[in-house]
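If you read the protein sequences in the order shown, they are chains L and A.
Under my numbering, the first sequence has 71 at position 71, and the numbering climbs by one with no breaks.
Under my numbering, the second sequence has 1385 at position 385, and the numbering climbs by one with no breaks.
Take the hints with a grain of salt, since some may be wrong.
Here are some of the chain A residues that sit facing chain L, going by a computed Cβ distance under 7 Å [stated by the list, open to error]:
| id | residue |
| --- | --- |
| 1 | L1047 |
| 2 | L1049 |
| 3 | L1441 |
I should point out that these hints are in silico values taken from the structure, not numbers from a laboratory.
For clarity, every value in this text was computed on a predicted model and none was experimentally measured.
Each residue gets a CB set at the ideal place from its N, CA and C atoms; glycine is no exception.
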Amino acid sequence: MPRAFTPKVVTANALLEGDVIYQTATGWSRNLAEAEVLTDEADADLRLIDAAQQTATVVGAYLADVDTSGTTPKPTHFREDFRATGPSNYAHGKQEEQANV
Amino acid sequence: MYNYTDFDTAFIKERNAQFRAQVERRIDGSLTEDEFKPLRLMNGLYLQLHAYMLRVAIPYGTLNSRQMHVLADIADKWDKGYGHFTTRQNIQYNWPQLRDVPDMLDALGEVQMHAIQTSGNTIRNVTADHFAGAAADELADPRPVAELIRQWSTDHPEFQFLPRKFKVAVTGSPNDRAVTKAHDIGLRMVEHDGQIGFEVIVGGGLGRTPMIGKIIRDFLPREDLLPYLEAIVSVYNLLGRRDNKYKARIKITVHENGLDDFKARVEERYALIRPQFTGVDQQMLAGIEADFAAPKFKSAPETEYHDARQHYPAFRAWSDTNLTEHRVPGYAIVTISLKAHGATPGDATSAQMRLMADLAKRYGHDELRISHEQNVILPHVHKSDLPSVYSALKAEGLGTANAGLISDIIACPGMDYCALATARSIPIAQEIATRFDELKLEHDVGPLKIKISGCINACGHHHVGHIGVLGLDRAGVENYQITLGGDGTEDASIGERAGPGFSAEEIIPAIERLVLAYLDLREEPAETFLQTYRRLGLAPFKAALYPEAQANAA
Ligand code: HEM
Ligand code: SF4
Chain L
1 MPRAFTPKVV TANALLEGDV IYQTATGWSR NLAEAEVLTD EADADLRLID
51 AAQQTATVVG AYLADVDTSG TTPKPTHFRE DFRATGPSNY AHGKQEEQAN
101 V
Chain A
1001 MYNYTDFDTA FIKERNAQFR AQVERRIDGS LTEDEFKPLR LMNGLYLQLH
1051 AYMLRVAIPY GTLNSRQMHV LADIADKWDK GYGHFTTRQN IQYNWPQLRD
1101 VPDMLDALGE VQMHAIQTSG NTIRNVTADH FAGAAADELA DPRPVAELIR
1151 QWSTDHPEFQ FLPRKFKVAV TGSPNDRAVT KAHDIGLRMV EHDGQIGFEV
1201 IVGGGLGRTP MIGKIIRDFL PREDLLPYLE AIVSVYNLLG RRDNKYKARI
1251 KITVHENGLD DFKARVEERY ALIRPQFTGV DQQMLAGIEA DFAAPKFKSA
1301 PETEYHDARQ HYPAFRAWSD TNLTEHRVPG YAIVTISLKA HGATPGDATS
1351 AQMRLMADLA KRYGHDELRI SHEQNVILPH VHKSDLPSVY SALKAEGLGT
1401 ANAGLISDII ACPGMDYCAL ATARSIPIAQ EIATRFDELK LEHDVGPLKI
1451 KISGCINACG HHHVGHIGVL GLDRAGVENY QITLGGDGTE DASIGERAGP
1501 GFSAEEIIPA IERLVLAYLD LREEPAETFL QTYRRLGLAP FKAALYPEAQ
1551 ANAA
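Turn these sequences into a full structure, and let the hints guide you.
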């Protein structure tokens, strides 16, 4: 039996800053909470192909699992957790930007 | 120190101009990422987890104050005000933006620095003993030879597409501080009938298949060095496996073909090419040696030093751990710890970099070194200046008295930055250092090297740590495996796996149990952790690490 498809988001790094980005319904966001959650496998594949073709703005697009039990998508793996927050030795990266808003 | 020739300067300028154009073409969409990636890697630019990372070479770890000031300026202008010094004697900037990188490279070029060949399947930045030219135990300064190798290998047409990356380390001392036995080629200067030559070691390496290098020549005359290196690299270039990147390093080539077979091929190749080396390289070497001429050392009384030792316990503690014997009487080698308890190993702020630069200029014959242990060295300081140096360092958070102790930990960037990581390493280092500082035990424990890597690539040298820690991903959770008894010196050995791994919460208490067990097991305070381990083997340490298993078996 094929494994059930788990919810995913398309993520990548921005070409100019290298920052982690997530695909939304209309473009890209720096914030995982705004990502478009993909629950259908065929749809996810298409969205990934679409992302991978935007080579002038994004680098290294891939599908990452998310936990959708809350109101916004959350990472399921600690690597994605760090990507969504920033390093743990300094409050740099996303956590810094979020603290500044 | 070595100064660029006109050729070097023109070469760097042209490379930077090319890269600037490549960045522009990437940004305007005319280059795809697949096309651009190898180009950026050739120029030291990586894409990590949160941002780009620029890796700048510091050949044989030697810098002057002006270069250190530029590193600080770059950190302020284009990064977040700090830099990370690595085990490969590089500095890494963790937050550059793509558009700024060409400007960063130009700024580096102004002070004869660059990021070329810090990646790719080429001969990498040649590393040398960080105490070169200063250590009391040294036969000769290894840096001129390191520089000769750099000049010979940079853009060497035959060696731009080796099966895999290739790392060379050189030491001029019998006490190996350059980890030569864990490099693709290690060179140790040795003396034979009054002549200085090299013991040549091949096929060492860490990574997923750690191996201690093997001696391929126990004495190679100095003037035969380049042709012999060329013979080794060209045999490897042909024989090395290109079908599987995990089997492509020279350690596997030597292992699979056997040292004897490999050596026979090298000697054959050597006999063929030796006549092509007509001695031009030796003239070049003589020129380079003049650039590395020792500074004009002074002679002065040492009273201030002895007085300060007598009256200031903090200074005494620091001078006990952070000084090394210099070859010139009255001088000392200063290790500046970038390992304040709880700080990120190897990180320095721009203010700290500027202070170290100014101290080097004022008291240290304008020389700084970066050690593979992620500390900064002032190689030539007169003892009468040490109290002033210490108080200035202390005021900037650089006065930690822990060189060679348990909190002087090597840690790779791990999953806080590195895209290849399977777990974090920095927080583990921070917590170990903080814990042993609380216990006030580290001076009692004495020399102990803990080395941490965030994945099997072993950038943190965990295999050669007395205590090695390897971070892994076990079913989506960080898990840390301990190895014991590794050693990166002339008696090099690969650490032995102690048993099942520990979670991030369990690893600090596990290390504490291990160290407390050592304190019980040692015969006398002078017996180091490594000596005790070598005397007793794994069993008693394993018992301390896994008390439950012990209890269950009982
Ligand atoms: C963050 C970007 C980095 C990447 C992508 C990276 C990648 C790698 C890889 C793939 C290997 C294994 C090579 C092999 O076995 O064939 C390796 C080895 C190594 N790296 Fe890194 N590394 C990074 C950072 C560092 C840092 C920060 C240091 C210094 C602290 C470092 C020092 C080393 C060393 C010493 C090895 C030695 C093992 C050996 O070559 O035998 N690397 N690295
Ligand atoms: S050991 Fe692994 S995690 Fe650490 S820097 Fe090297 S590649 Fe990254």
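Going down the list of hints, with the structure as the test:
no.	hint	verdict
1	L1047	holds (6 Å)
2	L1049	holds (6 Å)
3	L1441	violated (24 Å)
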